[in-house]
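*Asks:* Chains as they are written, first to last, in this note's numbering: chain R, 911 to 1223; chain H, 48 to 341.
Mixed in with the good hints, there may be bad ones.
[Unchecked claim] Listed next, the in silico DSBU-like pairs over lysine-lysine satisfying Cα-Cα at most 35 Å (straight line):
# : chain 1 : residue 1 : chain 2 : residue 2
1 : R       : 1001      : H       : 208
2 : H       : 329       : R       : 1191
3 : R       : 945       : H       : 329
4 : R       : 1073      : H       : 187
5 : R       : 1070      : H       : 208
6 : H       : 187       : H       : 208
7 : H       : 187       : R       : 1070
8 : H       : 187       : R       : 945
[Said to hold, decoys possible] Simulated restraints on C-beta separations:
#  : chain 1 : residue 1 : chain 2 : residue 2 : range
9  : H       : 328       : R       : 1084      : 48 to 54 Å
10 : H       : 236       : R       : 1193      : 30 to 36 Å
11 : R       : 1135      : H       : 99        : 27 to 33 Å
12 : H       : 340       : R       : 1063      : 48 to 54 Å
13 : R       : 997       : H       : 277       : 38 to 44 Å
14 : R       : 1047      : H       : 207       : 35 to 41 Å
15 : R       : 1025      : H       : 339       : 36 to 42 Å
16 : R       : 968       : H       : 326       : 35 to 41 Å
[Stated by the list, open to error] Partial list, computed: chain H residues near chain R (C-beta under 10 Å):
#  : residue
17 : 72
18 : 132
19 : 139
20 : 190
21 : 263
22 : 274
23 : 298
24 : 303
25 : 306
26 : 314
27 : 325
For the record, the hints were derived by calculation from the structure and aren't laboratory data. All C-beta atoms, glycine included, are put in the ideal place defined by N, C-alpha and C.
Listed below, chain by chain, are the residues.
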Amino acid sequence: MLNLFTDPNLQWILIGSMLLGLSTGIIGTFAYLRKQSLIGDTLAHAALPGICIAFMLSGVKSVGYFMIGAIVAGMIATLGISWITRHSRIKPDAAMGIVLSVFFGLGIVLLTQIQHSSYGNQSGLDKFLFGQAASMTSNDVYTMMGVAILLIVACALLFKEFKLISFDSGYARGLGFSVATLEQLLLWLVTIAVVVGIQAVGVVLVAALLITPAVSARYWTDRLGVMTILSGIFGALSGAIGTWISAGTASLPTGPLSVLTATALFVGSVLFGPRRGVVAKLIRRYTAKREWAAEGKGKAGAASSAKEREVSA
Amino acid sequence: MSGFWIMLTGALVASCCGILGCFLILRRMALVGDAISHSVLPGIVIAFLISGSRDSFFMLFGAAIIGFVTVFLIQMFQNSGVQSDASIGVVFTSLFAVGVLLVSLNAKHVDLDLDCVLYGEIAYVQWNQISVAGMEIGPKAVWLLGITLFIIVAIIALFYKQFKLCAFDPALAAAIGIPVALFHYVLMGLVSMATVSSFESVGAILVVGLLIVPPATAYLLTDRLGMMIVLSLIIGVISSVAGYYTAAALDASIAGCMVCVAGVLFLFAFLFSPTHGLVTRKLRQRTTATREAY
Chain R
911 MLNLFTDPNL QWILIGSMLL GLSTGIIGTF AYLRKQSLIG DTLAHAALPG
961 ICIAFMLSGV KSVGYFMIGA IVAGMIATLG ISWITRHSRI KPDAAMGIVL
1011 SVFFGLGIVL LTQIQHSSYG NQSGLDKFLF GQAASMTSND VYTMMGVAIL
1061 LIVACALLFK EFKLISFDSG YARGLGFSVA TLEQLLLWLV TIAVVVGIQA
1111 VGVVLVAALL ITPAVSARYW TDRLGVMTIL SGIFGALSGA IGTWISAGTA
1161 SLPTGPLSVL TATALFVGSV LFGPRRGVVA KLIRRYTAKR EWAAEGKGKA
1211 GAASSAKERE VSA
Chain H
48 MSGFWIMLTG ALVASCCGIL GCFLILRRMA LVGDAISHSV LPGIVIAFLI
98 SGSRDSFFML FGAAIIGFVT VFLIQMFQNS GVQSDASIGV VFTSLFAVGV
148 LLVSLNAKHV DLDLDCVLYG EIAYVQWNQI SVAGMEIGPK AVWLLGITLF
198 IIVAIIALFY KQFKLCAFDP ALAAAIGIPV ALFHYVLMGL VSMATVSSFE
248 SVGAILVVGL LIVPPATAYL LTDRLGMMIV LSLIIGVISS VAGYYTAAAL
298 DASIAGCMVC VAGVLFLFAF LFSPTHGLVT RKLRQRTTAT REAY
């Protein structure tokens, strides 16, 4: 396990996973507060047609092209979701489901087209979809660093605006902000985070990196600023611990381990969160019960009967 | 003949999903099907590890159990105050991660083709026939889905009023003494059953797509729940038949084409629905505006 700090290869993976967890944790806070936690899952699935088209157009298996394709497809998907929810009575969750399944269906159709035509070997495509954190190289880490900086700077600059549209978009509209533009911008930032995450942990698990740290952070605070930072820390911590465990064992992949670490943090938060946590609630209920019992005993019958008289009068 | 069985399977999946999807959309839990179809992975792997066989009965059993566990966990976290979308997301990703870990831990002696288990291929439906007394009586998937559909229709028809009330106004339902939580679990159990019995033969994406897209389309076309279910059934069946022919014409994935056809139908309803369509509403606004002007 010590080799984590000496092996340069592992260091890259460690830095990469931490940066990824940090940026998805931060941006995930806003997705969570806007009740769009599953947007990560949607965007990750919606990336498939983009990746296929990028491959069909370029004819080479290059991660760079795949990422551009995935980001473009993700942006179109977010536009689709906003368009459907804005112009019909379809709820956001159903809109996400529609976009997810139709885009993924289209992606599968394109994938079979690629298989049946003369594009050659397409086997690298699904590798992109299932993710491989262990094969992260220094280049990937630089990309992640760039993305993390972009997301953090964007969130810091637009913190007030994002806060406003997360809690009270009607008020934001009243103040003259262009809510639709801000929402779209936020979704695009999520798209970028998701597409970078897909590479490391795969389509299904990238959703967890967005949701789980944010939900856990919600248990510890009522302030958005603290929650955002906490969520970023939780994300980075999950990435680090996941990499650490994975490095210590022979064949365990990093992605699922990071996700399970995040889940463990989540369960810990649900149990031990200071005010919303299960334990805190139980203690509160217990003390309230005892106080009530003590009150009943101390004041004896007189006070309560006086109160009863008051009520009946 | 193969075309007939594929279309019949598609139509059966569409019917199971179409009925349940209407309730899911109304309860704003559209993505539960997606969650279940992913989270069954550990169930399949554990069933495989215990039984040691790739017999689909065991896998189905394992998947069904984990499906119920998923539903239960989602509800538990929701009750303890987690937002419903977040609780769906946390539960299914964690279970999927457990599944991936189990696969990689046992990679040496597990020869599981994940793609095939998770993303079944509807084109192979007819090769898996059931035979009774030496006679082939149709593909296994058709029988399995037929039974599932029968159970779903029976339960929904029996408790239609209760399900309807729970979908629209759970508070009122609770106030007049309907066990809302029980009906919620029954509905989620049915969704889990439908997902599990379909995904092995037709693939997760078709289940997720048919669970959401046809009911959403129907939702744009009518304001009555009964009508919404009927329309969603019709749209689902049209999608599977038209999807099959599209796939045959393009030589592409059948499940993918079925979902794409459903998507196109949704787009039409979204734009041209007589009551809720984007274009129709714009036209109506214009005619009212011109009438007002005179």
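*Asks:* Hint by hint, say whether it matches the structure.
*Replies:* Against the structure, the hints:
{"no.": "1", "hint": "R:1001 - H:208", "in the structure": "23 Å, holds"}
{"no.": "2", "hint": "H:329 - R:1191", "in the structure": "51 Å, violated"}
{"no.": "3", "hint": "R:945 - H:329", "in the structure": "29 Å, holds"}
{"no.": "4", "hint": "R:1073 - H:187", "in the structure": "53 Å, violated"}
{"no.": "5", "hint": "R:1070 - H:208", "in the structure": "46 Å, violated"}
{"no.": "6", "hint": "H:187 - H:208", "in the structure": "33 Å, holds"}
{"no.": "7", "hint": "H:187 - R:1070", "in the structure": "57 Å, violated"}
{"no.": "8", "hint": "H:187 - R:945", "in the structure": "40 Å, violated"}
{"no.": "9", "hint": "H:328 - R:1084: 48 to 54 Å", "in the structure": "25 Å, violated"}
{"no.": "10", "hint": "H:236 - R:1193: 30 to 36 Å", "in the structure": "34 Å, holds"}
{"no.": "11", "hint": "R:1135 - H:99: 27 to 33 Å", "in the structure": "53 Å, violated"}
{"no.": "12", "hint": "H:340 - R:1063: 48 to 54 Å", "in the structure": "50 Å, holds"}
{"no.": "13", "hint": "R:997 - H:277: 38 to 44 Å", "in the structure": "25 Å, violated"}
{"no.": "14", "hint": "R:1047 - H:207: 35 to 41 Å", "in the structure": "58 Å, violated"}
{"no.": "15", "hint": "R:1025 - H:339: 36 to 42 Å", "in the structure": "57 Å, violated"}
{"no.": "16", "hint": "R:968 - H:326: 35 to 41 Å", "in the structure": "37 Å, holds"}
{"no.": "17", "hint": "72", "in the structure": "5 Å, holds"}
{"no.": "18", "hint": "132", "in the structure": "4 Å, holds"}
{"no.": "19", "hint": "139", "in the structure": "8 Å, holds"}
{"no.": "20", "hint": "190", "in the structure": "26 Å, violated"}
{"no.": "21", "hint": "263", "in the structure": "5 Å, holds"}
{"no.": "22", "hint": "274", "in the structure": "16 Å, violated"}
{"no.": "23", "hint": "298", "in the structure": "6 Å, holds"}
{"no.": "24", "hint": "303", "in the structure": "4 Å, holds"}
{"no.": "25", "hint": "306", "in the structure": "3 Å, holds"}
{"no.": "26", "hint": "314", "in the structure": "9 Å, holds"}
{"no.": "27", "hint": "325", "in the structure": "5 Å, holds"}
Taken one by one, the earlier hints fail for this structure at numbers 2, 4, 5, 7, 8, 9, 11, 13, 14, 15, 20 and 22, listed in ascending order.
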